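Using the sequences and the hints, build the whole thing.
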Amino acid sequence: MVAVKKLVLDVLKPHQPNALEFSSRLAEVGADYRVHLTVIEVDEHTETLRVVINGQTLDFDAIQAAIKTLGGSLHSIDEVEVFSEGGSG
Amino acid sequence: MNPLQEARFLLRITRTQGIVRRYFVVNGFDGALTMLGLITGFSVSAPASPSLIISACLGAGIALGVSGVSSAYVSESAERRRALEELQMAMGTDLGDSFHGRAARWVPMLIALVNGLAPLVISLLILIPLWLAEAGLELPFAPLSASIAIALLLIFLLGVFLGRISGVSWWLSGFKTLLIALVTATLITLIAGD
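Taken in order, these protein sequences are the chains called A and B. Residues 1 to 89 (the numbering used here) are what the first sequence spells out, left to right. Residues 90 to 283 (the numbering used here) are what the second sequence spells out, left to right.
These aren't lab readings, by the way, just hints derived from the structure by calculation. If you're wondering where the values come from, they're calculated on a predicted model, not measured in any experiment. Be aware that one or more of the hints could be misleading.
Stated by the list, open to error - Lysine to any residue pairs mimicking SDA-like chemistry, simulated, CA-CA at most 20 Å apart:
#, chain 1, residue 1, chain 2, residue 2
1, A, K68, B, R101
2, A, K6, A, V42
3, A, K5, A, T46
4, A, K68, B, M180
5, A, K68, B, R194
6, A, K68, A, V29
7, A, K68, A, V2
8, A, K68, B, E175
9, A, K6, A, I77
10, A, K68, B, V249
Claimed, not checked - Listed next, the stretches of chain A that the computed footprint assigns to chain B, with coverage defined by at least 3 CB atoms under 8 Å from CB atoms of chain B:
#, segment
11, 37–43
12, 52–62
All C-beta atoms, glycine included, are put in the ideal place defined by N, C-alpha and C.
Take a look at the structure:
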């Protein structure tokens, strides 16, 4: 089984909810998620973010759904770290 | 998130807490001043039965409540829709399923409710002495005078609330709104009095 340990995402979001609230809600998606958010660019209505999420087993679909619910839009997956656990396949 | 937390979150992301506060004070003040005007008018004219005064005041309070709900809903839903469309244009995506979409649907209702309930609840509070008198309770003061006193107290408290929000002296702000109420009552007494 392959577990996703780290994701680096390029996300566009409205100014609200703010970066702190946005990252806190993403962290709430999993019990051990650690979120590091950097605001790359600020426009009149939007902000471009670099979001780094670490965890034992990241649920990408749940993370994507949370970003959408918060009004954000996932532009790209810029970096991924995955581990193969158990079985040689 | 429980409903109260979600309501606060939606107000925060739409930055409408200030609008809710403003509507509460403005329409609450309207309600209190309308009741003060009606009751002062009754107290300086030919004696009327408490039930007649209650009916007239309740009618005005309900009308203010319905007017508050409908006017705020119509204007705020248009504002929220426009804000959502602007945001969707900037994001280049449909935000209907996001908190922003939910806010565009719920925030106008929330604001409308505050705008309507503020004058209605304040009117009902002012009418309490009249209701007690109507129910046959012996009051230490005349019911009309007690209602006027409650109206003045609530108007003072609205001023205090405004003072605390704006960070100015709460008693000065309360005194200003109280002064407006006293001028109103004096004008009514002079103009409508026998």
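Next item on the list: Against the earlier hints, flag every one the structure doesn't satisfy and list their numbers going up.
Entry: As far as the earlier hints go, 2, 3, 7, 10, 11, 12 are violated by this structure, in ascending order.
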